[in-house]
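Asks: Residue numbers (full-length UniProt numbering), protein chains in the order written: chain C, 1 to 301; chain Y, 1 to 301; chain G, 1 to 301.
Since the hints were derived computationally from the structure, they do not count as laboratory data.
There's no promise every hint is true.
When chains are identical, the list treats them as one kind, so a pair holds in a single copy or across two.
The calculated lysine-lysine pairs, modelled on PhoX-like cross-linking and capped at a C-alpha distance of 25 Å, are [to be verified]:
{"hint": "1", "residue 1": "Lys119", "residue 2": "Lys34"}
{"hint": "2", "residue 1": "Lys87", "residue 2": "Lys12"}
{"hint": "3", "residue 1": "Lys87", "residue 2": "Lys119"}
{"hint": "4", "residue 1": "Lys87", "residue 2": "Lys220"}
{"hint": "5", "residue 1": "Lys248", "residue 2": "Lys220"}
{"hint": "6", "residue 1": "Lys35", "residue 2": "Lys119"}
This one's a predicted model, so the numbers in the text were calculated from it and none came from an experiment.
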Amino acid sequence: MRHLLDFQGWTKAQVENTLDTARVMAEVLERPVKKVPALQGFTVATVFFEPSTRTRISFELAARRMSADVVSFAAQASSLQKGESYKDTLLTLEAMGIDAYIIRADSAGVPHQATRWVKGVVVNGGDGRRAHPTQALLDAYTLLEALGTLEGRKIAIVGDILHSRVARSNVELLPLLGAEVWVAGPPTLLPQSLPGARLTPHLDEALAEADAVMVLRLQKERMEAGLIHLQDYIAHYQVTEARLKKAKPGAFLLHPGPMNRDIELEGTLADSERSLVNRQVRNGVAVRMAVLYHLLVGKGR
Amino acid sequence: MRHLLDFQGWTKAQVENTLDTARVMAEVLERPVKKVPALQGFTVATVFFEPSTRTRISFELAARRMSADVVSFAAQASSLQKGESYKDTLLTLEAMGIDAYIIRADSAGVPHQATRWVKGVVVNGGDGRRAHPTQALLDAYTLLEALGTLEGRKIAIVGDILHSRVARSNVELLPLLGAEVWVAGPPTLLPQSLPGARLTPHLDEALAEADAVMVLRLQKERMEAGLIHLQDYIAHYQVTEARLKKAKPGAFLLHPGPMNRDIELEGTLADSERSLVNRQVRNGVAVRMAVLYHLLVGKGR
Amino acid sequence: MRHLLDFQGWTKAQVENTLDTARVMAEVLERPVKKVPALQGFTVATVFFEPSTRTRISFELAARRMSADVVSFAAQASSLQKGESYKDTLLTLEAMGIDAYIIRADSAGVPHQATRWVKGVVVNGGDGRRAHPTQALLDAYTLLEALGTLEGRKIAIVGDILHSRVARSNVELLPLLGAEVWVAGPPTLLPQSLPGARLTPHLDEALAEADAVMVLRLQKERMEAGLIHLQDYIAHYQVTEARLKKAKPGAFLLHPGPMNRDIELEGTLADSERSLVNRQVRNGVAVRMAVLYHLLVGKGR
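Put together the whole structure using the sequences plus the hints.
Replies: In structure tokens form, the structure reads like this:
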């Protein structure tokens, strides 16, 4: 791969290769001196046309821990306000000699377009409702760490599936590793179809015998748009200790963060032993190191 | 000490030890190449739930000059806006492998709570009205530099004592080094009591024979809240050349910055030879280097 | 030179010396590892009292590629909001041990004043309508790269000359290298006189036999102020393929960015072979490296 945009055309071997490198990176992160010279002299730009501190910091740490330089471009503080296009912004950064672009955008397809404009490598840091591939890779890494394998495992994704790039990327990725993916949510927040996943408006059906449950963040905007009512959502889709009894004993809980405790999930669940939320964040840095390493100096070239 | 939250339980020896290290750091800062490898491979996060560019830059420089990596989290640009709690923010950073947190918050106690959430070390960068310990350490360092000793010296702190974490931390720290601390301000801006200090609404009483006068910044919010009238404040509490005649000849002037010239102090005083304001800023970097060094690699561990 | 504020008092030899160093820096930027240790241990502060992401990132990369540390101060996020003056801001940074200041300000003269306040070197990153010397240096570098020499060459600058620091700095600099500079724009956007340049309200006169055309960005504020009407501007001053026929065959096109495509210039022109826009951005990093190097460690000292 030359860029990481989504998982179209990826093979199981490529995924495993990336996750293997992430495991090496995770060992680096356990050392007292969490720094290797792998990307010395490379410059990584985070180009965020939509704000997200936690994703930005995760990529920034991934780059710095491999000794890359990092520059941050955020649309709010930028000349985009003066009408500069995505393209001109990226061409400007390209001319400054950036090696890798982490692009986040509220409209789908911006990272794809970027690959036509710049010579550097592009990593999709989340685009519209389309894809968030490093999130799915860290989810896969975390699930494998907890479950050993994804072969034949049932993973339930719960919440606003329709608008979720996290769901979409996981539905692309997890089946490659042998998982059976179910997605559940209110009818107004479910797509018509989602190749790779089984859809249901019944939470219990998705949870039944699941090995792990991924709870999505509920966006306030959905309520404002009249797509759901908060109390209805909580009544029918909040993931609770009680409802998790349908799943396999000890089934794990994931959430891409930031969590709305006591909205999409019972607050105490987030801190329970089932929760892999902090592992996800931890693994995110290792996975992003692996992705940048592959694209910039590894076999990705 | 494992964290720096305030000076509860601190001994004179601990303070002197920290200031001794700060003196070594100050020598590093006099070199043409102001950089040592002491914190290579460590990552320091500035976590500012309340904005403050100068404090952030001071800590950032302190960390960088010891070769640490620095990431900055500011609540404005962050998912806190989406309702994420202080706790989840810090747990997320913790999972990313941060070694030290510089936490600034508008509510008192956030840095204390943080020590229960994270494994890394916590430095209080100012919390509500409660404490601003690195400011007090740099004030102590600067006073010692100017006066030689604090034993038996009279230090006057003037202004809005009630809402000032700077005053509170200095009142905790300076007596440990033998100073007698007086605080003066309008009755509406004085606390009922302040253990460690002598309180007075009469500026002249605090200034009388003082060795140094620390002038606090007057917050516009106090006027809006009807606690004071600007002209009254200026008439009775502005520190001027004339009023300083009550103090010891050559008494020094400190201010935590940023100053409102001609409000809390006569503008020209800030640039006079009495003023230690720039020394305070300069010493701030050295003191913060010492604190981070002690907590991360020194005897603090 | 001790600072870079504008080109008053500069000689041709000094300009050529700076551009020669920039050529060496440009070679560094072609290497796989774009990093040299020239400024290790130095700290560069970008002090932006007016926002500009692209200029900030360009300077930041220039500093980092010579291994300097960089801290960023932006007025919006800062205590300037609390009424702190430019002077106190700079004195604070000075006390923290900054070696070089890149200062951008909406009012002319702030960088000049700064040289009286700080001991470190000052680089004008653009002040009001007055000067933007690194922009002019990168324009000169780019023109020399394209034309071989500026001796006897005709350069046309088109647009809002009156409010443009880019025009002003180019009019100071390019004649030193032998160029004949014409400036053209609507009468309401032309100054009374501009020593070093020939002024005309007739675009065709400026374009006639020009070797290169520099198109300035049209600020929306000018329309709001009633100085021009957009359709009139486009009709009479937009630089188009057709109008460029007046210029020498193959005349080059420059723009300081960000561009308003199809306003000040025909959109397709920006991507044509004539366009040096991306070269300008690329050369900007090399030129800024040269300036920082000269001022901090080179003959500038």
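Asks: A separate judgement is required for each hint: does it hold in the structure or not?
Replies: Hints, one by one, checked against the model:
1. Taking the shortest Cα distances, Lys119 and Lys34 sit within 25 Å of each other only across copies (16 Å), while inside one copy they are farther apart (30 Å).
2. Taking CA atoms no more than 25 Å apart as the test, Lys87 paired with Lys12 passes in neither setting, with 33 Å inside one copy and 37 Å between copies.
3. For the homomeric pair Lys87 and Lys119, the shortest alpha-carbon distance inside one copy (13 Å) is at most 25 Å, but the shortest distance between copies (40 Å) is not.
4. In the homo-oligomer, the alpha carbons of Lys87 and Lys220 lie at most 25 Å apart only across protomers (21 Å), although the nearest pairing inside one protomer, at 31 Å, exceeds that limit.
5. With identical chains, the CA atoms of Lys248 and Lys220 are never at most 25 Å apart, being 31 Å at best within one copy and 59 Å at best between copies.
6. Within a single copy, Lys35 and Lys119 get their C-alpha atoms only as close as 27 Å, which misses the 25 Å cut-off; across copies the closest is 19 Å, which meets it.
Checked against the numbered hints above, the structure violates hints 2 and 5; every other hint is satisfied.
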